[in-house]
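Chains as they are written, first to last, in numbering that gives the first Met the number 0: chain A, 0 to 328; chain B, 0 to 315.
Read the hints as simulated data drawn from the structure, not as lab findings. Here the structure is a predicted model, which means the values were calculated and not measured. Where hints are given, some of them may not hold.
[Unchecked claim] Some, not all, of what chain A presents toward chain B, calculated at C-beta under 8 Å:
1. 87
2. 103
3. 104
4. 106
5. 152
6. 155
7. 168
For every residue, glycine included, the Cβ atom is placed at its ideal position computed from N, Cα and C.
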Amino acid sequence: MSTRILEVRNLVTSFKTDRGIMKAVDGVSFHVEKGEILGLVGESGCGKSVTSQSIMRLYDEKNLVRYEGEVLLEGRNLMKLPEHEMQHICGKEIAIVFQDSLSSLNPVFTCGDQIMEALIIHQGMSKKEAKERAIEMLRLVGIPSPEKRFNQYPHELSGGMRQRVMIACALSCQPKLLIADEPTTALDVTIQAQIMELIVELNRKLQMGVILITHDLAVVAETCNRVAVMYLGQIVEEADVNTIFDNPRHPYTMGLLQSIPRLEGERARRLHVIQGTVPLLNQIPKGCRFRPRCPYAADICQSEMPELRQISDTQFVRCWHVEHIHNGR
Amino acid sequence: MRKYIIKRLLTLIPVLFVVSIAIFLLIHLTPGNPAAAMLGDLATPEAIARLSESLGFNDPLPVQYFRWLSGVFRGNLGTSLFIKGSMIQILRNHLVPTLQLTSYSILIATLIAVPLGILAAVKRGRMPDQVISMFSIVGISLPSFLLGLGLILLLSVKLGLLPSSGYHPISEVGWATHLRYMAMPSIALGSIEAALMIRMTRSSMLEILGSDYIRMAKAKGVPRFKIFMKHALRNALIGIVTVVGLAFMSLLAGATVTESIFNIPGIGKLTLNSVMRRDYQVIQAVVLMVSLTNVLITLIIDLIYGLIDPRVRLGQ
Ligand SMILES: Nc1ncnc2c1ncn2[C@@H]1O[C@H](COP(=O)(O)OP(=O)(O)OP(=O)(O)O)[C@@H](O)[C@H]1O
Ligand code: SF4
Ligand SMILES: [Mg+2]
Numbered sequence: 000m001s002t003r004i005l006e007v008r009n010l011v012t013s014f015k016t017d018r019g020i021m022k023a024v025d026g027v028s029f030h031v032e033k034g035e036i037l038g039l040v041g042e043s044g045c046g047k048s049v050t051s052q053s054i055m056r057l058y059d060e061k062n063l064v065r066y067e068g069e070v071l072l073e074g075r076n077l078m079k080l081p082e083h084e085m086q087h088i089c090g091k092e093i094a095i096v097f098q099d100s101l102s103s104l105n106p107v108f109t110c111g112d113q114i115m116e117a118l119i120i121h122q123g124m125s126k127k128e129a130k131e132r133a134i135e136m137l138r139l140v141g142i143p144s145p146e147k148r149f150n151q152y153p154h155e156l157s158g159g160m161r162q163r164v165m166i167a168c169a170l171s172c173q174p175k176l177l178i179a180d181e182p183t184t185a186l187d188v189t190i191q192a193q194i195m196e197l198i199v200e201l202n203r204k205l206q207m208g209v210i211l212i213t214h215d216l217a218v219v220a221e222t223c224n225r226v227a228v229m230y231l232g233q234i235v236e237e238a239d240v241n242t243i244f245d246n247p248r249h250p251y252t253m254g255l256l257q258s259i260p261r262l263e264g265e266r267a268r269r270l271h272v273i274q275g276t277v278p279l280l281n282q283i284p285k286g287c288r289f290r291p292r293c294p295y296a297a298d299i300c301q302s303e304m305p306e307l308r309q310i311s312d313t314q315f316v317r318c319w320h321v322e323h324i325h326n327g328r
Numbered sequence: 000m001r002k003y004i005i006k007r008l009l010t011l012i013p014v015l016f017v018v019s020i021a022i023f024l025l026i027h028l029t030p031g032n033p034a035a036a037m038l039g040d041l042a043t044p045e046a047i048a049r050l051s052e053s054l055g056f057n058d059p060l061p062v063q064y065f066r067w068l069s070g071v072f073r074g075n076l077g078t079s080l081f082i083k084g085s086m087i088q089i090l091r092n093h094l095v096p097t098l099q100l101t102s103y104s105i106l107i108a109t110l111i112a113v114p115l116g117i118l119a120a121v122k123r124g125r126m127p128d129q130v131i132s133m134f135s136i137v138g139i140s141l142p143s144f145l146l147g148l149g150l151i152l153l154l155s156v157k158l159g160l161l162p163s164s165g166y167h168p169i170s171e172v173g174w175a176t177h178l179r180y181m182a183m184p185s186i187a188l189g190s191i192e193a194a195l196m197i198r199m200t201r202s203s204m205l206e207i208l209g210s211d212y213i214r215m216a217k218a219k220g221v222p223r224f225k226i227f228m229k230h231a232l233r234n235a236l237i238g239i240v241t242v243v244g245l246a247f248m249s250l251l252a253g254a255t256v257t258e259s260i261f262n263i264p265g266i267g268k269l270t271l272n273s274v275m276r277r278d279y280q281v282i283q284a285v286v287l288m289v290s291l292t293n294v295l296i297t298l299i300i301d302l303i304y305g306l307i308d309p310r311v312r313l314g315q
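All chains, full assembly: derive it from the sequences and hints.
Spelled out as structure tokens, the structure:
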């Protein structure tokens with residue numbers, strides 16, 4: 000237990016929207032060990048970003064969302080913390096790299112300013128110390144001529160450079176947990192590889208736990224220790240990385256795996272081979288949420304929702320027919 | 000920044016060219032002989048011919064255009080059929096009261112609207128937001144003359160606090176009296192403008208508060224107050240400057256109704272009177288002036304954008 004950095008129990012995130020309450024995340028539980036990389040995968044819109052941002056309680060609780068469940072950071076329930084204590088956790092203990100680097104950096108401040116901010120807040124550094132450290136961070140994440148980049152604005156940098164600035168921001172205070180939300184989507188392949196290498200290296204060096212959200216199963220296979228597969232706001236399968244690839248048991252996971260191109264060297268870009276599309280949040284089917292798209296669906300799938308069940312030491316599956324379904328690959 | 004300013008100035012040239020043609024055509028687009036239109040229904044053909052000749056309406060259009068344009072460059076904007084003095088003089092006399100009324104109202108509007116708009120956004124959906132939104136809807140739908148008349152009834156007729164109408168220049172009566180006379184029209188106009196500005200400020204602030212970079216700031220552990228004051232406000236300023244600039248433009252063209260109710264001899268009243276007596280040359284000069292000031296204000300707004308937003312300054 001002592002090595003467990005993060006434990007999420009029954010997390011529910013509901014948005015209050017014009018069309019009513021939308022449960023974007025519905026009863027998600029998982030954990031991250033020290034020095035471990037947990038992959039979080041699933042099609043677009045299944046709640047990966049919402050899950051990760053809910054862990055840090057980033058959505059406006061007064062107007063926009065309601066959270067339920069527990070998020071334990073080394074045993075401390077973050078959901079119960081008052082706002083000012085949460086401020087000491089965010090950026091210091093847990094840091095996040097957002098999906099879209101252009102919209103996530105403030106356009107009117109320089110990159111340097113935005114990296115220094117966390118250092119000044121959490122480490123009590125003076126401006127001068129923070130600047131030195133920020134430049135050091137820029138160098139660490141592989142940005143050439145960091146002194147120059149320090150004074151540039153986000154829109155002046157390329158997507159890859161901006162993503163690195165975000166990583167520098169996130170890592171500046173050496174967090175215990177890093178959440179990387181598709182840190183490499185939209186970047187070209189070599190830069191993707193460099194950034195992933197950097198994250199893995201820091202994960203080993205600092206024994207930092209990582210939640211890696213990605214569409215790219217090849218990246219998952221190379222970097223993650225364990226994988227959680229999400230579908231429509233729920234985890235449908237969780238297992239160590241080898242089991243997920245060699246012995247997936249949920250029809251959705253199998254579908255995802257089948258959509259990986261088999262040709263050597265060609266990478267999976269978007270996963271859309273599974274028939275049908277993800278339903279909207281206000282049209283969630285009764286019973287098993289994957290039923291309308293599932294080739295194995297039976298009567299019980301329509302009437303009752305399966306629970307996430309443990310089927311071996313390391314594998315959890317949310318499906319009525321685990322016993323009958325075998326890897327169709 | 001210098002490069003940006005120069006670029007911005009260069010783009011003005013085609014704009015001004017188009018504007019000048021449009022204004023010139025203003026007179027010539029009136030159906031029939033413009034001289035006849037000016038003189039009205041009872042004019043004799045001889046009088047019309049004489050006026051046409053003296054104003055050069057018989058020459059080909061391009062000749063007239065260049066004559067007019069070169070006149071404009073030399074400060075000759077034509078002559079009024081009814082008001083004595085040079086056109087520049089006439090414009091200046093009427094522009095001063097309008098400029099004062101505009102400045103005071105915008106000042107009042109900004110002081111009311113920006114804090115309230117931000118407050119409404121921050122407290123979205125809750126009591127303060129609902130109250131503020133209600134007031135702003137009332138303000139938007141309220142005709143300005145009604146508010147003006149209401150204020151006169153209350154503050155001047157009932158309470159006797161302020162003079163009901165009239166304009167007195169600072170040079171003649173000093174600041175105190177001048178402001179006493181300007182107070183009511185400025186409040187009337189300022190409140191209406193404020194109503195609109197509140198809505199724009201609120202929505203631009205709301206958009207910013209829901210943006211990724213605000214959540215990113217929160218994710219770095221930036222305290223709430225600082226998120227508002229540093230991360231959000233700077234971005235919101237871009238929208239606020241736009242709103243203030245637009246308000247300025249619309250008021251400078253003359254708040255005709257307000258100027259009439261409070262009897263302020265501004266551009267609005269000049270336009271109204273000139274339209275009624277078909278004093279086309281004055282109308283043309285007013286439109287020219289309003290267009291030029293609008294171009295100028297747009298330029299100023301753009302320069303302020305450049306100061307606030309590096310994306311504008313560094314150019315894309
Ligand atoms: N602020 C919000 N208000 C209302 N609904 C939201 C909000 N943010 C996200 N959602 C909804 O929550 C669901 C999950 O979105 P989320 O961004 O977590 O998906 P994702 O798995 O990260 O997808 P992607 O791979 O495209 O990033 C979506 O249906 C989305 O419409
Ligand atoms: S429970 Fe039924 S519908 Fe759902 S995944 Fe399993 S077999 Fe398919
Ligand atoms: Mg996402």
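Margin query: To test your reading of the hints: which numbers does this structure violate?
Written below: Violated: none.
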